[in-house]
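Asks: Based on these hints, arrange chain B on the given structure of chain A.
Protein chains in written order, with the numbering used here: chain A, 1 to 288; chain B, 1 to 261.
The set of hints was computed from the structure by calculation and includes no laboratory data.
Values in this document were obtained by computation on a predicted structure and should not be read as measured data.
Any given hint might turn out to be false.
What the hints assert, rightly or not - In the DSS-like style, the derived pairs of lysine-lysine whose C-alpha atoms are separated by at most 30 angstroms in a straight line are:
1. A:K281 to B:K8
2. A:K281 to B:K228
3. B:K9 to A:K281
4. A:K132 to A:K281
5. B:K8 to A:K31
Unchecked claim - Residues from chain B shown here face chain A by an in silico Cβ test under 7 angstroms; the list is partial:
6. Q32
7. I194
8. L210
From the three backbone atoms N, C-alpha and C, an ideal C-beta is built for every residue, glycine too.
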Amino acid sequence: MQREQSLAPLWQPKVRPRLGQHRALNKPLDKGTLFMRLTMAIFLALTVLAFASFDYQGLNIYNAFLGTIANFRVLMLSPQLTHFSLVEAAEGMLITLSLALLTTVIGAILALFFGLLAAQNLSSPLISGLIKGGVAFIRAVPTILWVLIFAIAAGLGSVAAVTGMAFHSVGYLVKAYAEAFEEVDSGVIEALRATGASWWQIVCQAVLPTAQSYLLSWTFVRFEINFVGALAMGAAAGAGGLGFDLFLASAHYFDLREVGFITYLVLAVALVLETITTQIKVRLRVQT
Amino acid sequence: MSADYLIKKRSNTLKVLLGLGFLSLAAAFITQYDPVTGLISGLDAMRWVAANFYPNEQSLTRLPSIMNRLRETVLMSIAATTVAAFSATFFALLGAQTTKVNDALRLMSRSTAAFLRNIPAVAWAMILLFTFGQSSLTGFLALFFSTFGFLSRVFMETFDETTASSIEALTATGASYMQIIFQAVLPASLPQMISWMLYMVETNIRDATLLGILTGTGIGFSFALFYKSMNYHAASLVVIVIVVTILVIEYISNHIRRVIL
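So here's chain A without its partners, still in its complex pose:
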């Protein structure tokens, strides 16, 4: 059970190559090796094609790089607030964190419900398939597009941002939760069913307690993602908060020092969140 170790292991396959199990070096080319080489070759070819077809807009790349480094130095070495006060910046951070929290809580509540219905061992194949297909679609639409689509009806602001981001969170968490539920020992569920336990009893007494550490760590990973998301929605969809301040500082005031200050603030909070996630994962692993 190494799944909780990785950052976003939703797409992380469950089979891990173990020692000695990996492709032996002297074996003739098997299908796996062939596919790996092909994948890498395609990656490389498309990368070359990408650089050849980029729209450089007559940019002097050398100067741009030098400029970026110079800018970065200003940014990092002399951060300073000019257009906002420290209190306003802290307020922006509070709004961004609140957006992330709301989105995560709403997403987690909905996902818990749909996740139970999507888990194959707790639901019918038809319902499970429908929900899993539905959330795959929801996940495929970038969060910003959900937010902008909701903004047409609700207007730009916190309502559209939270609704749109919660939508994407549900898509992500349903997949994660359903997989956690599906890993619950089928023998336990069967035994409970044989004693005449109802669906709710099975869920509350067996499934949720067993899966809760997974659920917790997934939810926190999503909170981390939503924090970055809330920042982006502030910048791109006018959801307010620190993201909007960042957008103003950069695209309106062209104030590098202010961008630097906000970047430091975001970096500090993101590092704290990352540490908490890692700690949660470490502790849960020790327990189990």
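Replies: Just chain B, lined up with the frame of chain A:
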């Protein structure tokens, strides 16, 4: 297991849930989010989408230009992933416990990765916009930095997980550092690394859409253009194109994973 234990556990859970509920209320107050309005407007939006947000015949004439933009975005995401994976491999080799050269380099590469990873792509885009303007390189570099930070972290984990004991065995046979890396560590970790790269391509296409809206490049620019001019039929076509692209890439990735892992 006494009854006391269970009661204590229950009350602990209750306390956590109550605390979370209180925090959520505070958050709703701070952001002026009204759950009822949220729900109603969510339903309104669905109704609006059903009534107006679909491509019509006229919007199909925009398809060639949308596909052009899409190609730019997909290529940008793949290029950022490839270049980031190459650089991340070096950093991860220096940063992983099992393959480190020495502790100073390990600390340096770990903190660099943590630093780059935790500056969100949006912030990178806003910084790069100053010097790289609206060229494709702005998006590429913003994606590169965040992908690089992320891949460094997961590659380090992969190296540590897959190869700890084989390195010991090889060291005992007198193999050199380079031999160990190229004969044991990389071959054993490659399937995992490719799996992560495929995951990042998907993520990057979604992120590139957002960056495109901010920096005026790629498919994000197409969407922003139609969205702002209220040409919702064309905008919906953009959404459909993105969804199909991501689902296709997810399908291909899953297929590749099934074969290589």
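Asks: Flag every earlier hint the structure violates by its number, smallest first.
Replies: 2, 5
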